[in-house]
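Here the protein sequences come in this chain order: A and B. Numbered per our numbering, the first sequence spans residues 285 to 475. Numbered per our numbering, the second sequence spans residues 83 to 366.
Derived from the structure by calculation, the hints contain no laboratory data.
With a straight-line Cα cutoff of 30 Å, these simulated DSBU-like cross-link-like pairs (lysine-lysine) come out:
1) B:Lys254 - B:Lys284
2) B:Lys217 - B:Lys284
3) B:Lys362 - B:Lys225
4) B:Lys194 - B:Lys225
5) B:Lys194 - B:Lys217
6) A:Lys324 - B:Lys263
7) B:Lys263 - B:Lys284
8) A:Lys400 - A:Lys323
9) B:Lys263 - B:Lys362
10) B:Lys123 - B:Lys254
11) A:Lys323 - B:Lys194
12) B:Lys263 - A:Lys323
13) A:Lys400 - B:Lys263
14) B:Lys362 - B:Lys217
15) B:Lys194 - A:Lys324
Letter by letter, the chains look like this.
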Amino acid sequence: MEPVRITTPLTGEAVAGLRAGQRVLITGRILTARDAAHKKLIELLDQGADLPVDITNQIIYYVGPSPPRPGQVVGAAGPTTAGRMDFYAPQLIALGLKGMIGKGFRSTAVTEAMQKHGAVYFAAVGGAGALLAQRIRAVRVLAYPELGPEAIYEFEVEDFPVIVANDMYGGDLYREGRRQYALDKGEDAYA
Amino acid sequence: MIGFLRTIDFRTIVETTSRLCQEANFELEHDVHAALELAAKQEESPAGRDIITQLLDNAAIAARDRIPICQDTGIVVVFVECGQDLRITGGDLAGAITEGVRDGYTRGYLRKSVVGDPIRRQNTGDNTPPIIYFKPVPGSALKISVLPKGAGSENMSALRMLKPAQGLAGIKEFVLETVEKAGPNACPPLTVGVGIGGTMEKAALLAKEALLREVGARHGDPEIAALEDELTVMINRTGFGPAGLGGRITTLGVHIEVYPTHIAMLPVAVNLNCHAVRHKTAIL
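All chains should be built: construct the whole structure from the sequences, respecting the hints.
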């Protein structure tokens, strides 16, 4: 099946059209954040303060890129494990975050927030950081430059390849993909 | 006697370590490359085959552009076998290796992923300190192996003190359970290092050392080798596949190392590695 092309900002309508298992090419601006930046964002929310970036209708890519060589836009920039951001994601989804890019399982709290507020979780291929970097056209620091690779960046991406892992209807590619290929159908086989 | 000692200069060790750190991050080792190519042929899932192709393309781009295979260029684990007839001039061995890591990560534009304190979590800015294991050996050679270890797979690794009564069945169950919990998080197809025996920390160290072995190579003891084969089959029946999106190839190989242990103990450690086992060795 041909990949679906989407552009950012991500509308509720676009999210509603995505299903687990679909290949997607993303074009436009996306935000990045990982552990340290998420911690700071949530601390601000807990204090009732404004965030340094507007996350409404945005996609957050969980990534901490390696530094660029002179002349390069970015170093390697593949996804990090999304599960570490599970503590923070539901609050951001409730605020209007529409998409996340990472790798690995999400918690029930996150998938429930996605279903409630209409958001999507994309998987990018973990460990393909050099390949994925080629789809990143420009990089700009938006907040927390002192965090280095953990700063919030804005990436301008073109046809950035991802696959829908969790959609807003409860569809879960990790579960379905495994179900299709598991040979031991024990009780834990799809846990 | 001093005349018989071989000497190696501090700078030589710095330069070698720096080079190993960079090569490990830019160049997928031949054994890993071969294992992935074989996996691409064996994988039944079309999406899984596509992912392995992307991983091989990724490795080609990384080597060509000197860009890391993965942005998580790891915390560096270094295994050093130091000949006891060897003397380091111009500084100390640990200092030279640390300086080599600093140089490699700075010069190679590799990500600095080390925090100086696990609680306060300030980045040290140069990816030091590494984690160094020294082993004195006979002779006068110096063998340095670097293993930059990423968090995705390290975080899903585990250790358990089994009861001897749990035996072989308990070992298999624990290895499988660890892989099941890791699923897609550890970036399969995985190389699985298993340490059995010794004490708590010895088992963990054996599991780590097992990752230095050529991917898919079997243990010298046929019984251990058979267990490696059996676990490989079991893990490849879980259905996770490449990137955990469904498929047959969840592991490229299970490597087991064993050590004598106490009559009342059966420690088992499982150290997972992602599809890109980054290991480089130099002998000086």
